[in-house]
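Take these sequences, add in the hints, and give me the full structure.
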Amino acid sequence: MADNAPAAGHAHDDHHPTWSIYWKVALFLTIVTAIEVSAYYIPAWETSWVYVPSMLIMSAIKFAVVVYYYMHLGYDHKIFRALFTGPLIIAILTLIGLLFLFSKLAIRIGLLA
Amino acid sequence: MTATNAPTHAADAHAHGGGHYTSLGLDNRKVAIWTFIGSECMLFASLISTYLIYKGKSPQGPFPHETWTNPSTGEVFPPILNIPVTSASTFVLLMSSLAMVLALAAVQNRHVPKHSAWDRILGSSKLWLWMTCLLGIGFLGCQAYEFTSFIHEGLTIRTNLFGSSFFTLTGFHGAHVTAGVIWLFTLLAIDYRRGLEPKDATIVDIAALYWHFVDVVWIAIFTLVYLIK
Chain A
1 MADNAPAAGH AHDDHHPTWS IYWKVALFLT IVTAIEVSAY YIPAWETSWV YVPSMLIMSA
61 IKFAVVVYYY MHLGYDHKIF RALFTGPLII AILTLIGLLF LFSKLAIRIG LLA
Chain B
114 MTATNAPTHA ADAHAHGGGH YTSLGLDNRK VAIWTFIGSE CMLFASLIST YLIYKGKSPQ
174 GPFPHETWTN PSTGEVFPPI LNIPVTSAST FVLLMSSLAM VLALAAVQNR HVPKHSAWDR
234 ILGSSKLWLW MTCLLGIGFL GCQAYEFTSF IHEGLTIRTN LFGSSFFTLT GFHGAHVTAG
294 VIWLFTLLAI DYRRGLEPKD ATIVDIAALY WHFVDVVWIA IFTLVYLIK
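Quick note, the sequences are listed as chains A and B, same order.
Numbering (my numbering) for the first sequence: 1 to 113.
Numbering (my numbering) for the second sequence: 114 to 342.
Hints were generated in silico from the structure; no laboratory data involved.
Remember, it's a predicted structure, so these values are computed and weren't measured experimentally.
Any given hint could be a false lead.
Said to hold, decoys possible - Coverage of chain A stretches by chain B, computed from C-beta distances (three or more under 8 angstroms per stretch; other residues unrestricted):
1. 22–34
2. 49–62
3. 78–86
4. 89–99
By construction, the Cβ of each residue, glycine as well, lies at the ideal position given by its N, Cα and C atoms.
Next up, the structure:
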């Protein structure tokens, strides 16, 4: 693959994933999604305190796997990594900040009456 | 070619496929798409924040996960989100990302000898681009079905806070998927007209990055909107 890979800012083309990796990643994503949906229908899991954290963790793992393998961010130039992760961090902090200011998170920690 | 092989006078040199190198030796189009994706992260974070802030604050239904009885008519509205349909559409979008990355690999490996039927299937950029388009259209079809059924069940963008924030968030995402499908059809047109060569891999890569980003946004939306009550 590396021999035919384009120029285009690929700093580490010789480490690009193979076709078999792409299929394995798709299988992994399918399995994790199936687990997520199953958890939604399992009352013991859905009502327990681990439900929300486990869902967020599984979602974050799927997000990271797609970005790393399919978007090649793990193999690409560090400038591209910075261009993505910088705004992503700002976005996540903004989301958390807004939830603390206006939503149930603020109520739970006593910021709102 | 790697970044270390980029021309010495990088800023003046033309990259393969019509782009230019920046002074860092990076293709300007890839810098642009990553910058765009970064800004899109913040757009969708604001939309998701709005949805989560207003979640559970609608005085009247229908609600996403709870049954609601209209006090004036006595009509009972069941939870409105259809998890099985949305799970299927999530699977469809995930598989479209697989098809997209295989299309890119097919373009990059256009001139690699194909020894078996399976190699020829994997090496067909037209097949995988078509597959990505059709899966994207399938996702949009599921979304159209979902929106239509919501409207028939009494939830519109003007009904309550949930309806406003839900339709805005998922509507924006659907618009991005639509733009992605149109983009993919332009790549297919190029492929049919003159064939996508390894030198064109960057334009396919850029479309693929956009498509995968739309996918990861949906991964977040599916969990935060549909699965977490």
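Hints, verified against the model:
Counting residues of the stretch 22–34 of chain A whose beta carbon lies closer than 8 angstroms to any beta carbon of chain B gives 7, which reaches the threshold of three, so the coverage claim holds. Closer than 8 angstroms: that is the beta-carbon criterion, and the stretch 49–62 of chain A has 7 residues meeting it against chain B, so the requirement of 3 holds. For the stretch 78–86 of chain A, the assignment as covered by chain B holds, since 5 residues bring a beta-carbon within under 8 angstroms of that chain's beta-carbons and 3 suffice. Under the rule that three or more residues need a Cβ within less than 8 angstroms of chain B, the assignment of the stretch 89–99 of chain A holds, with 7 such residues.
Hint compliance for this structure: no hint is broken.
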